[in-house]
Amino acid sequence: MKQIELDTLEILKSEARLSTKDIAERIGTSTNEVVSILKKLEKNKTILRYITVIDQTKLPKGKGSIRALIEVSIRPEKKRGFDGIARRLCQYPNVIDLYLISGNFDFLLIVEGNSLEEIAQFVSQKLASIENVRSTGTHFILKKYKENGIVINQEPQEKRLAVSL
Amino acid sequence: MKTPGFSSLIDSIPPSGIRRFFDLVLNSPDVISLGVGEPDFQTPWPIREEALYWLETQRVTYTSNRGLDSCRNSIANYMLDRFKAVYNPDTEILLTMGVSEAVDITLRTILNPGDEVILPEPTYVCYDPLIRLAGGKVVSVDTSSTSFIPEAKDIKKKITAKTKAIILCTPSNPTGMVIPQKQLEELVDLALKHNLWIISDEIYAELTYDTPFVSLGSIKRAKPITILMNGFSKAFAMTGWRLGFICAPEGLLSRALKIHQYSALCAPTLTQYAAIEALKQRKAVETMRKSYEQRRSYFVNNLNALGLPTLMPQGAFYCFPNVGALGFKSDDFAMQLLEKAKVAVVPGHVFGQGGEGFVRCCYATDFDLLKEAIKRIGLFLKS
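For the protein sequence lines, the chains are V and L, in the order given. According to my numbering, the first sequence is numbered sequentially starting from 243. According to my numbering, the second sequence is numbered sequentially starting from 4.
Hints were generated in silico from the structure; no laboratory data involved. Hints may be right or wrong, so weigh each one.
What the hints assert, rightly or not - With a straight-line Cα cutoff of 30 angstroms, these simulated DSSO-like cross-link-like pairs (lysine-lysine) come out:
| # | chain 1 | residue 1 | chain 2 | residue 2 |
| --- | --- | --- | --- | --- |
| 1 | V | Lys255 | L | Lys374 |
| 2 | V | Lys281 | L | Lys374 |
| 3 | V | Lys285 | V | Lys263 |
| 4 | L | Lys286 | V | Lys263 |
| 5 | L | Lys286 | V | Lys255 |
| 6 | L | Lys293 | V | Lys285 |
| 7 | V | Lys263 | L | Lys345 |
| 8 | L | Lys286 | V | Lys386 |
Generate the whole structure from the sequences, applying the supplied hints.
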């Protein structure tokens with residue numbers, strides 16, 4: 243991968259809504275060059291999606307979502323190991339992230355729902371009822387301090403002197 | 004009421020002429036300030052964490068006057084790895100409260116009353132008064148006709164029997180220019196020939212862009228006359244921590260130490276511990292440097308596109324647009340830009356000879372604000 247592509251990704255990681263013109267100005271190239279870089283990185287699936295990180299506590303009551311971390315212990319399948327069951331779990335829209343992990347459990351899921359009940363229902367009726375799922379452990383997220391590298395409700399930093407030599 | 008009076012030397016130093024303008028900026032809401040002289044980054048967390056650790060767990064006491072052995076060792080290694088400059092941490096490195104103290108005690112160490120110091124200008128504002136306070140005489144050299152690079156041929160004309168030293172600030176505050184190796188070597192030869200000290204303030208050495216930085220400390224034959232200064236404020240975003248250092252021959256440092264031990268005792272202890280960690284943070288420094296570089300190119304290219312001639316700076320985080328080319332005096336431009344466009348810059352004459360007709364802009368400012376500043380400057384120039 244070229245340096246200019248890495249520079250583009252570095253900018254997009256924190257400012258995905260920046261226009262191609264703005265990106266071009268920052269990395270010192272033409273807008274056309276940035277357009278073609280983005281096309282290439284999107285096409286080869288280096289860039290998967292541009293997402294928005296929302297502070298759920300700012301949404302009206304009942305409109306925000308809640309999340310839980312769920313540890314899942316799996317009985318691996320013959321030949322397919324963990325992959326078959328993982329593919330199946332990916333199908334549920336409630337599952338935001340799914341990782342195979344080392345340690346006492348096999349999968350770590352981040353699950354999202356509109357309410358405690360919705361997540362509880364997903365665990366008991368969907369997840370735990372899958373044949374190869376041996377056990378689950380659900381941890382509801384009570385408060386978010388940092389998500390996707392962004393500190394939530396960060397205290398404003400002291401300003402610099404407006405002029406100094 | 005009549006006071007018992009003051010030093011006539013201190014009274015011979017004029018009060019800062021820029022204060023009134025600064026007060027105006029500080030009292031104007033909605034101003035985009037390009038008048039800042041420090042990074043817009045927070046000190047990287049591992050450095051702050053190191054200071055917290057020492058604060059929580061250790062007695063924070065005085066250190067030796069020179070500074071912690073461990074900190075001086077780290078600096079010696081850093082100067083070698085990063086700038087090919089060889090210094091003995093035990094005898095040739097002294098930690099100070101920022102480069103400002105380093106300049107002060109160095110001048111007081113080398114100057115006798117009436118000694119002359121050659122000062123290529125425009126340059127940072129502390130050297131001129133500190134030379135005077137040390138009993139020396141300032142001999143300015145206007146570098147505006149040589150793209151703000153001091154040239155040996157121009158310095159040579161100012162050398163007299165009284166000349167004691169030349170002060171260089173590279174990369175330069177306020178111009179962002181960096182003295183290229185060839186010119187630096189010529190200055191070294193000139194200084195060696197006339198037996199002059201070269202004081203090299205290299206506080207922005209980490210922040211260079213198109214070409215690698217050549218430190219005076221890397222030129223071996225210059226070592227007996229080199230007084231190199233650097234510190235942590237700029238590249239490590241540690242302005243308020245107050246730590247700088249002098250690398251110089253033992254004879255100079257042992258004398259400078261006499262002033263430092265009585266007037267400062269030691270550099271801030273917590274900062275010394277944090278600095279050891281700072282020197283390990285290569286990646287954080289490079290991330291910040293790169294960010295300045297992106298903003299430099301954007302800002303300077305756009306100033307030129309607006310018809311405001313501006314040399315592309317090679318280092319630091321300043322540029323020095325030529326407002327004189329559009330018929331402005333520095334002060335008028337800065338004042339009108341503040342009043343009509345709500346953008347603050349620093350008038351160039353503050354930085355000495357050759358600064359009139361220019362303004363200093365600091366591009367270590369949020370990209371969106373730089374964009375807005377360009378828009379406002381563009382509208383101002385059209386009006």
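Structure-based check of all given hints:
The suggested pairing of V/Lys255 with L/Lys374 holds, with an alpha-carbon distance near 20 angstroms, which does not exceed 30 angstroms. Distance restraint check for V/Lys281 and L/Lys374: the Cα-Cα separation of roughly 26 angstroms lies within the 30 angstroms cut-off, and the hinted pair is therefore satisfied. Restraint check for V/Lys285 and V/Lys263: satisfied, since their Cα atoms lie roughly 20 angstroms apart, inside the 30 angstroms limit. For the given pair, L/Lys286 sits about 28 angstroms from V/Lys263 by alpha-carbon distance, which is consistent with the 30 angstroms threshold.
Restraint check for L/Lys286 and V/Lys255: satisfied, since their Cα atoms lie roughly 17 angstroms apart, inside the 30 angstroms limit. Proximity of L/Lys293 to V/Lys285 is assessed by CA-CA distance (about 28 angstroms); at most 30 angstroms being required, the pair is judged to hold. With a CA separation close to 25 angstroms, the supplied pair V/Lys263 and L/Lys345 stays within the 30 angstroms bound. Taking the CA atoms of L/Lys286 and V/Lys386, the gap is about 28 angstroms. The hint holds against a cut of 30 angstroms.
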